[in-house]
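> Each chain is listed here by its residues.
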Amino acid sequence: METNNVNEKLLAMQKAQGPLLEVKDLKVDFTTDDKRAVHAVRDSSFSVYPGQWVAIVGESGSGKSTSAMAVLGLLPGTGKVVGGSIKLDGQEISGLKPKEFDKLRGTKMGLVPQDPMSNLNPVYRIGTQVKEALKANGMDVAHEKRSALAKALAGDEVAVKTNDDETFIGSAELPALLDAAKDALAKIGVTGDRADEFMKAFKDEWVPGSETRWRVADDLIKAGVKDDDAWVIAKKYVTGSTLNDRIAGLLSEAGLPDAATRARQYPHEFSGGMRQRALIAIGLACRPELLIADEPTSALDVTVQKKILDHLHYLTDSLGTAVLFITHDLGLAAERAQHIVVMYKGQVVESGPSLEVLQHPQHPYTKRLVAAAPSLASQRIISAHQRGENADALLEHHIVGEDKLEKSENIITVEHLTKEFKLPRKKEMFKAVDDVSFSVKRGSTLAIVGESGSGKSTVANMVLKLLEPTAGTVTYEGKDISGFKGKELLDFRRHVQPVFQNPYGSLDPMYSIYRSIEEPLRIHKIGDTKSRQKRVRELLDMVEMPESVMTRYPNELSGGQRQRIAIARAMALNPDVIVCDEAVSALDVLVQDQVLHLLNDLQAEQGLSYLFITHDLAVVRQIADEVVVMQHGKLVEHATTDEVFAHPKMQYTKDLLDAIPGGKLQLGLD
Amino acid sequence: MGKYLLRRILQMIPVVLGATLLVYALVFALPGDPVKAMFGDKPVNEAVAAQIRAEYNLDKPFIIQYLLFLKNALTLDFGNTFAGQPVIDEIARAFPVTIRLGIMAFCFEAIFGIIFGIISGLNKGKWYDTVILLISLLLISVPTFVTGFAGQYFLGVEWSIIPVTAGSDPGFFDLLFPAMVLGSVSMAYIIRLARSEISSNIAEDYVRTARAKGMSNGSVMVRHVLRNSLIPVVTYLGQDLGALMGGAMISEQIFNIHGVGFLTYQSILKGEGNLVVSIVTLLLLIFVICNLLVDLLYAALDPRIRYA
Numbered sequence: 001m002e003t004n005n006v007n008e009k010l011l012a013m014q015k016a017q018g019p020l021l022e023v024k025d026l027k028v029d030f031t032t033d034d035k036r037a038v039h040a041v042r043d044s045s046f047s048v049y050p051g052q053w054v055a056i057v058g059e060s061g062s063g064k065s066t067s068a069m070a071v072l073g074l075l076p077g078t079g080k081v082v083g084g085s086i087k088l089d090g091q092e093i094s095g096l097k098p099k100e101f102d103k104l105r106g107t108k109m110g111l112v113p114q115d116p117m118s119n120l121n122p123v124y125r126i127g128t129q130v131k132e133a134l135k136a137n138g139m140d141v142a143h144e145k146r147s148a149l150a151k152a153l154a155g156d157e158v159a160v161k162t163n164d165d166e167t168f169i170g171s172a173e174l175p176a177l178l179d180a181a182k183d184a185l186a187k188i189g190v191t192g193d194r195a196d197e198f199m200k201a202f203k204d205e206w207v208p209g210s211e212t213r214w215r216v217a218d219d220l221i222k223a224g225v226k227d228d229d230a231w232v233i234a235k236k237y238v239t240g241s242t243l244n245d246r247i248a249g250l251l252s253e254a255g256l257p258d259a260a261t262r263a264r265q266y267p268h269e270f271s272g273g274m275r276q277r278a279l280i281a282i283g284l285a286c287r288p289e290l291l292i293a294d295e296p297t298s299a300l301d302v303t304v305q306k307k308i309l310d311h312l313h314y315l316t317d318s319l320g321t322a323v324l325f326i327t328h329d330l331g332l333a334a335e336r337a338q339h340i341v342v343m344y345k346g347q348v349v350e351s352g353p354s355l356e357v358l359q360h361p362q363h364p365y366t367k368r369l370v371a372a373a374p375s376l377a378s379q380r381i382i383s384a385h386q387r388g389e390n391a392d393a394l395l396e397h398h399i400v401g402e403d404k405l406e407k408s409e410n411i412i413t414v415e416h417l418t419k420e421f422k423l424p425r426k427k428e429m430f431k432a433v434d435d436v437s438f439s440v441k442r443g444s445t446l447a448i449v450g451e452s453g454s455g456k457s458t459v460a461n462m463v464l465k466l467l468e469p470t471a472g473t474v475t476y477e478g479k480d481i482s483g484f485k486g487k488e489l490l491d492f493r494r495h496v497q498p499v500f501q502n503p504y505g506s507l508d509p510m511y512s513i514y515r516s517i518e519e520p521l522r523i524h525k526i527g528d529t530k531s532r533q534k535r536v537r538e539l540l541d542m543v544e545m546p547e548s549v550m551t552r553y554p555n556e557l558s559g560g561q562r563q564r565i566a567i568a569r570a571m572a573l574n575p576d577v578i579v580c581d582e583a584v585s586a587l588d589v590l591v592q593d594q595v596l597h598l599l600n601d602l603q604a605e606q607g608l609s610y611l612f613i614t615h616d617l618a619v620v621r622q623i624a625d626e627v628v629v630m631q632h633g634k635l636v637e638h639a640t641t642d643e644v645f646a647h648p649k650m651q652y653t654k655d656l657l658d659a660i661p662g663g664k665l666q667l668g669l670d
Numbered sequence: 001m002g003k004y005l006l007r008r009i010l011q012m013i014p015v016v017l018g019a020t021l022l023v024y025a026l027v028f029a030l031p032g033d034p035v036k037a038m039f040g041d042k043p044v045n046e047a048v049a050a051q052i053r054a055e056y057n058l059d060k061p062f063i064i065q066y067l068l069f070l071k072n073a074l075t076l077d078f079g080n081t082f083a084g085q086p087v088i089d090e091i092a093r094a095f096p097v098t099i100r101l102g103i104m105a106f107c108f109e110a111i112f113g114i115i116f117g118i119i120s121g122l123n124k125g126k127w128y129d130t131v132i133l134l135i136s137l138l139l140i141s142v143p144t145f146v147t148g149f150a151g152q153y154f155l156g157v158e159w160s161i162i163p164v165t166a167g168s169d170p171g172f173f174d175l176l177f178p179a180m181v182l183g184s185v186s187m188a189y190i191i192r193l194a195r196s197e198i199s200s201n202i203a204e205d206y207v208r209t210a211r212a213k214g215m216s217n218g219s220v221m222v223r224h225v226l227r228n229s230l231i232p233v234v235t236y237l238g239q240d241l242g243a244l245m246g247g248a249m250i251s252e253q254i255f256n257i258h259g260v261g262f263l264t265y266q267s268i269l270k271g272e273g274n275l276v277v278s279i280v281t282l283l284l285l286i287f288v289i290c291n292l293l294v295d296l297l298y299a300a301l302d303p304r305i306r307y308a
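Chains D and H supply the protein sequences, listed in that same order.
Under the UniProt record's numbering, think of the first position of the first sequence as 1, with each following residue one higher.
Under the UniProt record's numbering, think of the first position of the second sequence as 1, with each following residue one higher.
By construction, these hints were calculated from the structure, which means they are not laboratory data.
From a predicted model like this one, the values you see are computed outputs, not experimental measurements.
Incorrect hints may have been included.
[To be verified] DSS-like mimics (lysine-lysine), calculated; alpha carbons at most 25 Å apart, straight line:
1) D:431 with D:487
2) D:422 with H:3
3) H:126 with D:80
4) H:3 with D:35
All chains, full assembly: derive it from the sequences and hints.
Below you can see the structure in the form of structure tokens.
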């Protein structure tokens, strides 16, 4: 109850100041080539109060990103605000000229974009790109001036600090500052271990270019130094930093370790998570009052996602920045934001306090979202065996299949599988996969879980015989696949089919859908033109796609539709095993849910076995019977799905479970 | 980096050897006897002919001729022409002209190609974008000798705006139109390259990020759109520099410019093996070195590219 009171008080405080951003009846249109208007956003209204996190939730194409870009004045292509109003701090901004918008962006509104891979210019150093943000808003000049002024007044009584004119520690003065702090501690009688403890804390806290004068003084006072002495030290040694210090300070605030060195590196030398941290530093560089975070972590691994969002939360809280958080994951939204706005087909269909929306969804679409959100579903149990009808069918199929053919229980067995790669300019080999053993039971699903780089995709490629293992064996139906050649290999390929992560890349853009699905039949010389046509129709029906798509091309289909086509293609040859390498990771939650159900139903009907590679444990719970957890190429845990979720043994597995967004939310189950 | 450079330079050796052998063989296989041709309409004096053949090693088998040429070339002695001039002198006379022509053509295609490319790329779909595209398509599809002859006839002969021919010691204005003809096709390619690069880069996410930082439109264009778009343009230009020298043959022939192309053509007609091979080797070296420089420039412009 007490937390509720605190929240209410906070909300009342935020509301008292009036909204920071007020969007009313916003209408955004795009113009097609033949001059028709497409209404991307229709009569949408929402507000963001100072310091508040507001989430806009919806599937792709729902207008959530478009609304956010309209606020920033960065609508792509032919997009145009055709009605309604956008007020920032009470000022109408929807009709502003581009030049006037330039002044608002950066200082009033910042952006953390979706895809860290494409949002940094590959030809400039990270530091340069942060500097651009400071320069564009005159913060660099202000910064140098302020530092010079502070230096001139060092030790003087005049306070330079006003509201946003902060004075930061400079890297040149840091050693002297630390010495002075040590002396001050000695003066009040703090020595030995306790002094070392304080000094260590100071060293961690006092980041050049980020920590301000008054916080240094505050730290010293908290350590027991007298107020006056603390301020004398702070004023004498915290005299402003150089621009490079400031850049490093911003990057380290965003959670980038060793920021001064990192600032001199190029984007391609950074991982996705590090790039996203750099983008957060850029978005917050000029201390905007509103930060628009457009799916800031959906391109990242779940564990990295959690770390980055935690950090962003901490940072915006301490700076008092309001955040407009755009996501397709309702669980994530509910966990992070105080207020949720649900958008569907360009309209706001529901909005309210997070838990309320989650527990009592009113609009049918919101109800579907709640049901489909993987992060929320993971709290319920939807494993194949326990799903009423399907489980029965599956079990029956099991028995029928095994009795008739008397085959072994395991369709694929992997033993002591190891794969080494040679790294450029390094002598020692890199072990991508290290002594991994497991088996896939006939008609069941085994999921391999791990972060990117854990070697799970390498295992998949070896099972598919697309990569040769350095050591160990993969057996299919009791036969070692390493010896497969010619006809035997073709036969193996026919029975073990892949579905890959990226439905955009795994279909040939020059092939019609019909040709894509028919191709495996043609290669394996199955049937004639007529029977193939019939089979393609059947397959399309199986994945619930209309026949009319046969003549269309991949670029005319959505991601989910393409993935269905990829599944239909994999099913064309009646395989026994399908290897799904992150087959649903790139899809929207609703589409993901549909595809998972499709896979489940196909398994029940056809007795398929799946090897399911994913980084998302939430998905695992929906589809897998057994789970193998991989870390750094090694198998660290292997158990049934329920066992892993109920009693994870390894810390790493626990971390992965913790990283599921919304995992700790209590749903009022109805 | 040093290792990479050394490897690239060592790679040039087989390229040069192979190319010279090939060109030497082609000249050797040319129909007709160059020595007999020297006598013109007069009867051939067999004794004199034999003496000339011996002097120029023409009496020896092909491979010996080639090796002798190589041996001399290593000491920078490229032999004499049939007229008795040292080959090196002929080349020294012709090269400056072609270099002047090539540099003028290069500047023409670089400046106008980039300017029109930028105009087109930033204004995709406007009427002048369409006009620029049509002109560039025309320049690409019409062979240079057609553009050259047509320009020479109309601008030179009919309207007397430009000199009809350049002659042996051409000045800036004599070479202006031939240089434009020489650079026209590449200019058209550069326009199209710059246009497509700019129009695709403008839609890049990092450009939007730059705008979100609050940068003005001008600096976003210069720092993010143009900077990134010019990388492939600059590499194309670098490779073209080498190709221009060799490609000058047609313009030089049309406008009677006594440069390398003109000299090569004449010496092929006369069967001057030493001269042809020497010129081709030199052009080849220029081409290979330009390529190497382009690769190094590419690494300097794009930090993602590193050679080891």
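> The structure should be examined with respect to each hint, and the outcome stated for every one.
Hints versus structure:
1. Taken as a hint, the residue 431 of chain D and residue 487 of chain D pair is broken in the structure, with Cα atoms around 32 Å apart against an allowance of 25 Å.
2. For the hint linking residue 422 of chain D to residue 3 of chain H, the alpha-carbon distance of about 21 Å falls within 25 Å, and the restraint holds.
3. Taking the CA atoms of residue 126 of chain H and residue 80 of chain D, the gap is about 19 Å. The hint holds against a cut of 25 Å.
4. Distance hint between residue 3 of chain H and residue 35 of chain D is unfulfilled; the C-alpha atoms sit about 58 Å from each other, more than 25 Å.
The structure is inconsistent with the numbered hints 1 and 4, although it conforms to all the rest.
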